[in-house]
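Peer 1: Sequence:
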Amino acid sequence: MSNIRDLKWYRNRVKILLAKPQPPQRSTDWFAARNTRITASEAASCLYKSKSTCESYVNEFNIQNFKYKDTESLNHYETREEYIIKKCASFNGENVFRDSIYTLWGKKYEEVANILYCQLNNTKVIEFGLVSHPRLKWLAASPDGITPDGIMLEIKCPKSRKIDETCVPIHYYIQTQIQMETCDLDFCDFFECEIDELETEQQFIEQEINSNYQAKGIIFQIKDSGPDPKFIYPPVEIKMTEDYISWKNDLLLERQDIFPIYFFVKKYYNQRINRSKTWFANVKDEIKRTWDLVRRLQENKEEFEKYKDSIHRIKSKKFYERYHQTECEISDDDSTYIFYDESTSIEIEIEEEIKKTVNEVVCLIE
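Position 40 of the sequence shown, counting from 1, maps to 40 under the UniProt record's numbering, and the rest follow consecutively.
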């Protein structure tokens with residue numbers, strides 16, 4: 001962004017985004033607004049591992065031997081059908097947002113990563129709520145933050161996954177592309193931190209920083225703050241070990257309802273992702289087809305229940321056939337609900353489900 005006109009444009013764009021109404025992240029209004037839009041973190045669930053969708057990603061990161069598969073979801077955590085069911089269930093009032101140890105870990109250390117990013121780049125990060133696309137009313141994003149100069153920030157603090165410096169996981173690449181498209185920005189920093197927790201203050205003091213890509217610090221957890229714990233984070237100015245200890249001691253004198261957590265960032269890494277308008281233009285219609293189906297099922301609860309039952313029965317049949325390496329004799333005509341839509345045929349979806357290879361590993365443990 002060496003061009004000063006570009007810099008002025010990006011700074012003005014941030015001001016425009018700040019002026020837009022947006023529900024704060026994880027508020028009641030935020031959850032409600034998400035029900036009526038596809039959000040950036042969900043977009044991968046609407047897409048498949050096809051060449052037309054993934055080729056630009058493969059080329060950008062020079063990935064060798066990438067296996068395209070037209071019927072495999074780009075979100076390896078859920079299929080398109082599971083996403084549709086979850087989206088409609090949430091719209092109907094069901095609580096589908098359940099934290100795991102991995103999501104709680106990520107939320108716990110997101111602000112740690114944010115502070116570290118600000119220190120490394122000598123910048124501030126502005127928090128945003130749910131930002132709606134200016135033209136596509138069915139699309140929205142909740143970026144982790146945007147700098148005053150218009151650089152979007154997406155933070156990941158994986159609990160077990162190791163950082164891959166050669167590429168961004170494809171479902172996160174899609175998330176950042178949708179975020180940039182929604183906010184009309186051109187760059188996103190994908191900032192990751194691998195973090196270990198230290199047991200004692202002495203371990204924290206003795207922990208050496210042996211790389212330019214390491215850091216350490218202290219946070220506080222508020223006692224008895226529920227299943228989604230609350231934390232207190234240090235000021236961004238604190239960097240040295242002795243300053244952390246001094247801040248910790250002062251805070252403990254003021255409050256008895258907190259306890260310190262010592263952490264070591266054993267590796268952090270930032271990858272700059274460039275916006276691809278061509279990629280979005282290529283996948284927009286496919287994402288929209290998923291949304292059209294979601295909205296139709298949200299507006300007709302009876303149709304949704306039939307769709308859900310249909311998908312569950314198909315998955316049960318497919319599991320039976322894989323496990324026994326035989327053909328289930330349950331009639332498709334009896335076990336599935338075929339829901340026709342002008343833009344999406346569930347019959348085609350079901351055919352694609354059945355076509356998926358029977359050689360995939362099937363987990364017997366739910």
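Hints are not guaranteed to be accurate.
[Claimed, not checked] Mimicking PhoX-like on lysine-lysine, the simulated pairs with C-alpha atoms at most 20 Å apart in a straight line are:
{"hint": "1", "residue 1": "K86", "residue 2": "K306"}
{"hint": "2", "residue 1": "K86", "residue 2": "K308"}
{"hint": "3", "residue 1": "K124", "residue 2": "K8"}
{"hint": "4", "residue 1": "K315", "residue 2": "K69"}
{"hint": "5", "residue 1": "K51", "residue 2": "K288"}
{"hint": "6", "residue 1": "K266", "residue 2": "K159"}
{"hint": "7", "residue 1": "K308", "residue 2": "K107"}
[Unchecked claim] Label-pair restraints from in silico Cβ distances:
{"hint": "8", "residue 1": "N282", "residue 2": "N122", "range": "32 to 38 Å"}
{"hint": "9", "residue 1": "W138", "residue 2": "A19", "range": "20 to 26 Å"}
{"hint": "10", "residue 1": "L253", "residue 2": "K162", "range": "36 to 42 Å"}
{"hint": "11", "residue 1": "P229", "residue 2": "V58", "range": "38 to 44 Å"}
{"hint": "12", "residue 1": "G226", "residue 2": "K8", "range": "28 to 34 Å"}
{"hint": "13", "residue 1": "L120", "residue 2": "E199", "range": "22 to 28 Å"}
{"hint": "14", "residue 1": "D70", "residue 2": "P227", "range": "37 to 43 Å"}
{"hint": "15", "residue 1": "C118", "residue 2": "D29", "range": "24 to 30 Å"}
{"hint": "16", "residue 1": "K15", "residue 2": "R135", "range": "31 to 37 Å"}
{"hint": "17", "residue 1": "F259", "residue 2": "V58", "range": "44 to 50 Å"}
{"hint": "18", "residue 1": "D309", "residue 2": "G226", "range": "34 to 40 Å"}
{"hint": "19", "residue 1": "K20", "residue 2": "T278", "range": "39 to 45 Å"}
No lab work stands behind these hints, which were simulated from the structure alone. Beta carbons are placed, not taken as given, at the ideal position from N, Cα and C, and that holds for glycine.
Peer 1: Does each hint hold? Answer for all of them.
Peer 2: Going through the hints against the structure:
no. : hint                     : in the structure
1   : K86 to K306              : holds, 14 Å
2   : K86 to K308              : holds, 10 Å
3   : K124 to K8               : holds, 17 Å
4   : K315 to K69              : holds, 19 Å
5   : K51 to K288              : holds, 19 Å
6   : K266 to K159             : holds, 12 Å
7   : K308 to K107             : violated, 31 Å
8   : N282 to N122: 32 to 38 Å : holds, 37 Å
9   : W138 to A19: 20 to 26 Å  : holds, 22 Å
10  : L253 to K162: 36 to 42 Å : holds, 39 Å
11  : P229 to V58: 38 to 44 Å  : holds, 39 Å
12  : G226 to K8: 28 to 34 Å   : violated, 45 Å
13  : L120 to E199: 22 to 28 Å : holds, 27 Å
14  : D70 to P227: 37 to 43 Å  : holds, 40 Å
15  : C118 to D29: 24 to 30 Å  : holds, 27 Å
16  : K15 to R135: 31 to 37 Å  : violated, 20 Å
17  : F259 to V58: 44 to 50 Å  : holds, 46 Å
18  : D309 to G226: 34 to 40 Å : holds, 35 Å
19  : K20 to T278: 39 to 45 Å  : violated, 26 Å
Hints 7, 12, 16, 19 from the list above are not met by this structure, while the remaining hints are.
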